[in-house]
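**Q** The lines below spell out each chain.
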Amino acid sequence: MSGGSDTVRLSPFDRALLAGEEGEAPKLAMRILARMAEVRGAESMLDIEAAHIDSTIYVGDAGLEFAERLASLGARVRVPSTLNVSGLDEFHWQEWSVPPEWAEKSARQMRAYDSMGTIPTWTCAPYQGRQTPRFGQQVAWGESNAVAFANSVIGARTERYPDLLDICCAITGRAPAVGLHLDENRLATRVLRLRGIPEELAAADDFYPVLGHLLGPFAEDDPVAIAGLPVIPEEDQLKALGAAAASSGAVALFHIPGVTPEAPTLADALGGREPVAVLDVGLPEMRAARRELTTHDEGALDMVVLGSPHFSFGEFGKLAALLRERGPERTLPEEGGCDLVVTTSRAVRDLAERAGLLEPLHAFGGRLMVDTCVLATPMTPGTTRRLMTNSAKYAWYSPGLLGSAVAFGSLAECVESARRGRVVRDPGPWD
Amino acid sequence: MDRLRGQVIVAGTASGAVLYATQPLSFWGGYDAASGRITDTHHPLAGETAAGAALVLPATRGSSTTTAVLLEAIRRETAPAALITRGVDAFLALACVVGQEMYGRSPALVCVSEDDFRRLADWPRLEVADRALIRVDG
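Protein chains in written order, with our numbering: chain A, 1 to 431; chain P, 1001 to 1138.
In short, the hints are calculated from the structure, not lab data.
Using N, Cα and C, we set each Cβ at its ideal position, and we do this for glycine too.
A portion of the hints provided could be inaccurate.
Stated by the list, open to error - Partial list, computed: chain A residues near chain P (C-beta under 8 Å):
1. 63
2. 65
3. 164
4. 250
5. 397
Start from the sequences, fold in the hints, and give me the full structure.
**A** If you want it as structure tokens, here you go:
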């Protein structure tokens, strides 16, 4: 492999890193970056101000060896760098069926990234913490849902960074100047047009994961605008929309006129151009997409799981209210009921605890998992075959990653189903 | 002889049975690095063994972890022999670049035009050689 490139204009700083003047770790990171800049057809590299590192997830020894190679070369990040979920809930993994070898290797991978001067957020929703980028800032973010949120809701500028490259950007403070880093590539080229959606439905939390699920395959990886939304969505709803669209598709930027910062109007989102494709979506399409997220719609459940992306403080508030409403009566797991598991970050858990929002969950016998999620750590025993969730991302990936059947539902349906140990439906505004 | 040229991202000599799909694939939740099988239940190639094959996909989708999963497959030698995409897919390209860096090996990775991508649909096997894709019958 060549160290530099004939086509990318590298700065004196880039060339100094390539030459090893800043040490072996930046040299390796810049060699990979320069090669990727060439592959992407970049003319130059640009400075980034922050990074979010998805490479933290343990999926096998290769990722661990890469992390430990960088760490052994003395790698340090040059910009504030938050960490995505790991492969382990370090303090509670023994409560689950996580093999000790997995735990040991995941923990090693965590220590390798810790050693680089990173911020140990261990969350896939870093945008709901204190390390949130600002509008217009150039950043290098990994984690597909976080990329969609950073670009769309905040208006920060990031490409979809894959594992292994995010950390190279963080170590060098540089990124190829391509794609969504550049203003001209941020205009919507496709429009999803909502038609005849009742306000009550558009205000419901479970509208957004379903909308995102439809958006993914339509948008492919082009910036897309959503027109005709009759309400202003909340932050957690936009988060669910992005996570769903980045699972069923490769959506890294969506615009909602009047809501997201780069789209005061639909014409602004499109830059005054005609869209290359328009998709009309009404109630029938939304109902069909909602059904598509479910592979198991009746009978017993093994687990109800919430929190992909990681549960926010606001979501804990909603869950606490639902649990308080009906009291702790339930069918217990040992009586044929099911587990209720919520995945979140350490920081949000601590805030929710101080606000008293975890008490109803503890009283119910629900369980918390931090730093990771049910998809990223092998915590579910082979007997967990039937899941229910309000997350389109969990619903999308569980069949492939866990081999489980899945039911998608609203938070209220999930809570009631957890109480009874079987799928309970209450279609509400979907009727 | 059917032969077409593409943009060679990672050169190499490789041949394999063609696994062709027009849907993108996330390797995280979609590719089992232990067995080299495609496991994404949403994908038409679910259940197929891609290890050693010529995997023809328009692109990846979704998860950032696709790269780490392909790198793990390269480490375990359960990766496809060749990857053919429609246009450049940076996620697959990165895994191949880091695979060379870490393990000194990588699938051959070639990007083709939209028209050429469609032509590959009925190729039973292909060979990557001399910066070209060559159809192999039987």
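**Q** Look at each hint and say if it fits the structure.
**A** Checked hints:
1. 63: Holds, about 4 Å.
2. 65: Nearest chain P Cβ about 7 Å off; hint holds.
3. 164: 5 Å, holds
4. 250: 5 Å, holds
5. 397: Where the cut-off is 8 Å and the nearest Cβ of chain P is about 4 Å from residue 397(A), the hint holds.
Checked against the numbered hints given earlier, this structure breaks none of them.
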